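Novice: For reference, the chains in residue letters:
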Amino acid sequence: MQLDWFIIFSLVTASLWTVMTRSLLRSGIGLALTSVILAIFMFRLNSPLAAVFELSVCAGLISVLFISTISLTHPLSAQEKIQHMWVRLARFWFLPLLVIVLVVGLLLMRSRPQIHMPLAQDLKDARVVLWNFRQIDLLGQAIVLLAGVFGVVVLFKERQKK
Amino acid sequence: MNELAPQLFWPCTLGIAMIFVIGLYCVLFTYNLIRALIGLEILIKGVTLLIILAGYITAHEALAQSLVITLIVIEVVVITVAVGVVLGIRKHTGSLDARNIRNLKG
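Chains as they are written, first to last, in this note's numbering: chain A, 1 to 162; chain B, 1 to 106.
Bear in mind the hints are in silico, worked out from the structure with no lab data behind them.
Fair warning: this is a prediction, and the values are worked out from it, not measured in the lab.
Just so you know, nobody snuck in bad clues.
To spell it out: a stretch of chain A is covered by chain B in this simulated footprint if at least three of its residues, at any positions, have a beta carbon under 8 Å from a beta carbon of chain B; those stretches are: (1) 22-32; (2) 36-46; (3) 54-65; (4) 70-83; (5) 95-109; (6) 144-158.
We put the beta carbon where it would ideally sit given N, CA and C, even for glycine.
Throw the hints in and build the complete structure from the sequences for me.
Specialist: This is how it looks when you write it as C-alpha cells:
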C-alpha cells in the first residue's frame with residue numbers, strides 16, 4: 001500500500017516536472033519518465049498487457065517522436081532564454097500552488113466510498129476480450145491508423161516544382 | 001471487486017485529479033505548441049490511469065486493458081499527426097509560438 005502511495009507521488013511529481021521544466025528536451029524526457037512510472041503502476045493494478053503497450057509505445061515511440069521534433073527546431077539564444085524564463089515563471093508559478101491546494105482540499109473531504117459494482121464474468125484474458133468482444137474497436141484502430149498514415153503523407157508531401 | 005480496491009481508490013483518485021490539473025494547466029497556459037502537445041499527453045495519462053483503476057476496482061481488468069490499448073493506438077496517431085502539423089507551422093511561420101498563428105482570428 002505504501003509502495004502504491006510512493007508510485008502515485010512519483011507519477012504526479014514527474015508530470016509536474018515535465019510541465020514546469022524550462023527545457024523542451026527535459027520536458028520530453030520527463031514525459032517518458034511519467035510513462036514508465038505509469039506502466040509500473042498499471043502492472044501493479046493487474047494490467048500487464050496494457051503496461052507493456054504503455055512502456056513500449058508511450059515511453060518509447062512517442063518520446064522518440066517528441067525528441068526528434070524538438071531537435072528539428074532551433075534553440076533560443078542566451079538573451080531569449082532569460083527573457084523566456086521570466087515569462088514562463090509568470091505564467092506557471094501558480095501551478096504548484098494549485099496542486100497543493102487540490103491535495104489539501106481533497107484530503108479534507110476524504111471519505112471512503114462504498115463501491116458496489118457487478119462482479120466480473122469469466123473474461124480474464126485481455127486478448128480474448130480484445131479479439132472476440134471488441135472487434136469494432138479493432139476496426140476503429142485500423143481506420144484511425146490509416147487516417148494517421150494518410151495525414152502524415154499529406155503533411156510531409158513535397159510540392160512539385162513547376 | 002478486488003480486495004485492495006477500497007484502499008487504492010482514494011490515493012489513485014487524488015493522483016488522477018492532480019494529473020488532470022497539471023495537464024489542463026499546461027494546455028491552457030502555454031504558448032509553445034510542442035509543450036501544449038506534452039500537456040495533452042499528460043491529460044491522456046490521467047485518462048489511462050482512470051480506465052485501469054476502474055477495471056481494477058470492478059475486477060474487469062481484461063476489458064479495461066483492451067480499452068487502454070485502443071486508447072494508446074489513438075494517442076499515437078493523434079500525436080504523430082499533431083507533430084506533423086506543428087512542424088508545418090514551424091516551417092511556415094518560423095516559430096513554435098501559438099500567438100503567431102492567429103491569422104484566422106476574427
